[in-house]
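*Asks:* What follows is each chain in one-letter form.
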Amino acid sequence: MLRLQFYGLLRLMLSGKEALDLPWQEGDTVGRILEKFQAVETIPLTHKLISEQGILHAGTIILLNRRNILHLDKLDTPVRDGDVLALFPPGAGG
Amino acid sequence: MGNGWHGKLLRVNLNEKSCTTEALNMDWAAAYIGGRGLATKYLTEEVDPATDALGIDNKLIFATGPLTGTYGAANGRYMVVTKSPLTGTVACSNSGGYFPCELKYSGFDMIIVEGKAATPLYLKIHNQQAELVDAGHLWGKTTDETEDLIRAEFHGDAKVACIGPAGENQVRFACIINDKHRAAGRSGVGTVMGSKNLKAIAVRGTGGVTAASPTGFREAARETLKMLRQHPVTGEGLPALGTAILVNIINQSGALPTNNSQFGTFDKAEDISGERLVQTYLKRNKGCMGCVIACGRVTKLTDARFTGKGEGPEYETLWSLGATCGISDMAAIVKANYLCDEYGMDTITIGSTVACAMELFQRGLITEAEVGMPLNFGDSDAMVKLVEMTGKGEGFGKKIGLGSYRLADSYGVPELSMSVKKQEFPAYDGRAIQGMGLEYATSNRGACHVRGYLVSPEILGLPEKLDPQAIEGKAAWAKAFQDVTALVDSAGVCLFTTFSIGVPQVTKLLNAITGSTCSDDQMMVAGDRIWNMERLFNLKAGISPAQDTLPKRILSEPLPDGPMKGVVSRLPEMLPDYYSVRGWDVQGIPTTEKLQTLGLA
Ligand code: SF4
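If you read the protein sequences in the order shown, they are chains A and B.
In the numbering used here, each residue's number is its place in the first sequence (first place is 1) plus 89.
In the numbering used here, each residue's number is its place in the second sequence (first place is 1) plus 3.
Possibly wrong hints are sitting among the right ones.
In silico lysine-lysine, BS3-like type, Cα no more than 30 Å apart, as pairs [what the hints assert, rightly or not]: (1) Lys-137(A) x Lys-289(B); (2) Lys-289(B) x Lys-401(B); (3) Lys-401(B) x Lys-106(A); (4) Lys-271(B) x Lys-137(A); (5) Lys-303(B) x Lys-401(B); (6) Lys-20(B) x Lys-106(A).
By construction, these hints were calculated from the structure, which means they are not laboratory data.
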């Protein structure tokens, strides 16, 4: 299994749901997991993180075991059984 | 036809109880943009940087920018500029709300307050009529009460900026609160106001601001509006969750200073997060005047222990009264935030100072008898109590009112103050985010996040993602962010717009309003000029470049936890680069050639 954690707008859209476990398969990537996540939800959600062309929005933060995937292989980053993916749609402050 | 300016400043002499109108120096307005830049120019010309910040010779300047009060973006900001009693550096604190635009609409671009009143006074401005009136009946009142009383006796639509009891009691980090919940927060600008016996400025203005190119401005404003609305951060993230969204982001990034920076993650961060605030006390979002982002939080407490309503807490406050004190009690944080607004205190410095006191207690350096209660990390009741005692100037609150540096120094351990130049860090660990460590060390007003917010590229990935642990190129990024911020502040625009708009858009707005024809590069030079002018003020004030440093903990104690476990700040490697990209000598002094290129020599 792989754990997805929801933050910011995503959590509000999911009525407060904080996390979801998804089955993991050999060869899964961050992008593939996002597709699986969208497939089990009833409302559109992943467009808050990536564009229709499959590009991460400016300001989207996806942490794989607390490391930003922008410093790994972005959406092509491979994931493993037991990994934690934290999903933050763009947000900011100061 | 106008140019964003009325061309008038109001000079208020408290010794003589006089108010006089003067022409604004338009050459300076062109070179220093307005707001922070222009007010600092006046300060450097009129105040000896070595003067006592709380003495009669310091001045307090309330300044708008040429874009303050215009429509189309987030253009409702003003700045308070003075010499800081906390740091001894130049101080510039920025606030939004409604007061800044009202000041502009009154027909004045700037107010310079000088001298000291013999008895408490407040300043009343109705369009271009200004007078000083007795404030004896307001002394001792909270900011909330003060605003209500002034509106009742002066004008129902007046906008008020005032100090609370903390400013009167000379708490070193008192702020000036306008519109009840908006703060010119840092560096003790409210302490200076209190030292002058000036309780408030109340303004009613019914004029406007005119642009040199009305059609050009309309076009630029419309474009800006669209950019702000379409960007996911300013169009959606900030309105929905406000700045509080950062709690989980920064915690997951291992950069949330916890227990006075003894750790970089807080295991109860969820309890003090923006997401939790939405589920508990948030009523709605709210904007400063004309702002399309509306990041403000209107909240109401419904906790059995605490009551109240107001605005906030912002991210910085959730951290300062929360994580860095080891506190996860959201109701207590919201309550203490209200108290800070009512008494008029900077939430960042007070939270950090309470955290510092908690570490002194943890180490046995202060006792329960001295504080009047135990002071363990995580004790939210003690934190709320201390905040109140500080505002009132009671008991151990008097020591908290000194700020963390003076507090820790009085126990012989100044290194336990998480500050630079005696001003406390905001909510990002300078080890986990290397560029922020450099920014804190070099900021002209002591540790600060809104002098060059490198969290944006290093964590949020805006405008592009940088590795927070890399140090190559960070000096140039720090300089660029510092200069852009100086420009944006001076223009009168909210810094949060820069998550979606860049210098070209700010240039367009400024050129259209003032009639200037500056290039983006020239605008950046203006930011650089303002930064160097502030640096010169600080050097003359006796702030040596040796103070461009960080506490020992950040430089030599590796983070013990989280994804950034094991790292320390690499400031010593970045600082020489920084001086070099700034065009300063190896000692950190601006060279004559550099100053000549900026018109400062
Ligand atoms: S973005 Fe927030 S702080 Fe800035 S002007 Fe708008 S409401 Fe005020």
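*Asks:* Taking each numbered hint in turn, which are not upheld by the structure, reported in ascending numerical order?
*Replies:* Hints 2, 3, 6 are the ones this structure does not satisfy, whereas the remaining hints hold.
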